[in-house]
Amino acid sequence: MKNEIPVLQDLHGRDHAYLRISLIERCNLRCSYCMPAEGVPLSPKSHLMTYEEIYDIAKIFVKHGVTKIRLTGGEPLIRKDIPVILEQLSSLPVELSITSNAVIIDKYIDILKRMELIILT
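Using numbering that gives the first Met the number 0, the first residue of the sequence shown is number 0, and each one after it goes up by one.
Treat the hints as calculated values from the structure; they're not laboratory data. Each residue gets a CB set at the ideal place from its N, CA and C atoms; glycine is no exception. Be a bit skeptical, because a hint or two may be false.
[Said to hold, decoys possible] Straight-line distance between alpha carbons at most 16 Å, and here's what the computed EDC-like set of lysine to aspartate or glutamate pairs gives: (1) Lys79 to Glu115; (2) Lys112 to Glu94; (3) Lys112 to Glu86; (4) Lys67 to Glu115.
[Stated by the list, open to error] The following label-pair restraints were derived from C-beta to C-beta distances: (5) Val6 to Gly38: 36 to 44 Å; (6) Ile110 to His11: 17 to 25 Å; (7) Ala36 to Val83: 14 to 22 Å; (8) Ile56 to Ile103: 22 to 30 Å; (9) Met34 to Asp105: 22 to 30 Å.
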């Protein structure tokens with residue numbers, strides 16, 4: 000008997016194939032639509048998932064039918080281990096995208112070009 004892993008569904012029976020991972024709360028801009036005047040309380044670095052944890056969680060969700068992963072923040076590209084995160088997640092059979100303000104995109108352009116499957120918004 001085949002052991003099938005169930006696809007993620009909500010209470011209405013709809014399949015969910017999309018995972019959003021917020022990598023960091025920090026941002027290199029202070030846009031008024033995103034950053035309230037009083038600021039945003041930031042979690043200590045020790046509360047952020049490591050790149051290993053991010054990859055392990057992503058693999059579990061992929062086993063349950065996730066086909067799209069979006070990395071968000073804050074600004075995901077200011078995370079120092081973003082190259083490792085991108086390399087690991089790009090090895091999964093998913094559509095990988097990043098929501099970024101692209102201010103520091105030049106720093107990662109070679110990595111992003113190499114990973115043709117990444118969508119940047």
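Checked hints:
For the proposed pair Lys79 and Glu115, the alpha carbon gap of about 21 Å is over 16 Å, so the pair is violated. Between Lys112 and Glu94 the alpha-carbon distance is near 15 Å, which keeps this suggested pair within the 16 Å criterion. For the hint pairing Lys112 with Glu86, the CA-to-CA distance comes to about 12 Å; that is within 16 Å, so the pair holds. Between Lys67 and Glu115, the direct Cα distance comes to roughly 15 Å. Compliance with the 16 Å bound is thereby established for this hinted pair.
For the pair Val6 and Gly38, the beta carbons lie near 39 Å from each other, so the given range of 36 to 44 Å is met. Distance hint check: the CB atoms of Ile110 and His11 are about 39 Å apart, inconsistent with the given range 17 to 25 Å. Against the hinted window of 14 to 22 Å, the Cβ-Cβ separation of Ala36 and Val83 comes to about 35 Å, which falls outside the hint. For Ile56 and Ile103, the hinted distance range of 22 to 30 Å is satisfied, since their beta carbons lie about 25 Å from each other.
Under the hint 22 to 30 Å, the C-beta atoms of Met34 and Asp105, about 23 Å apart, fit the expected range.
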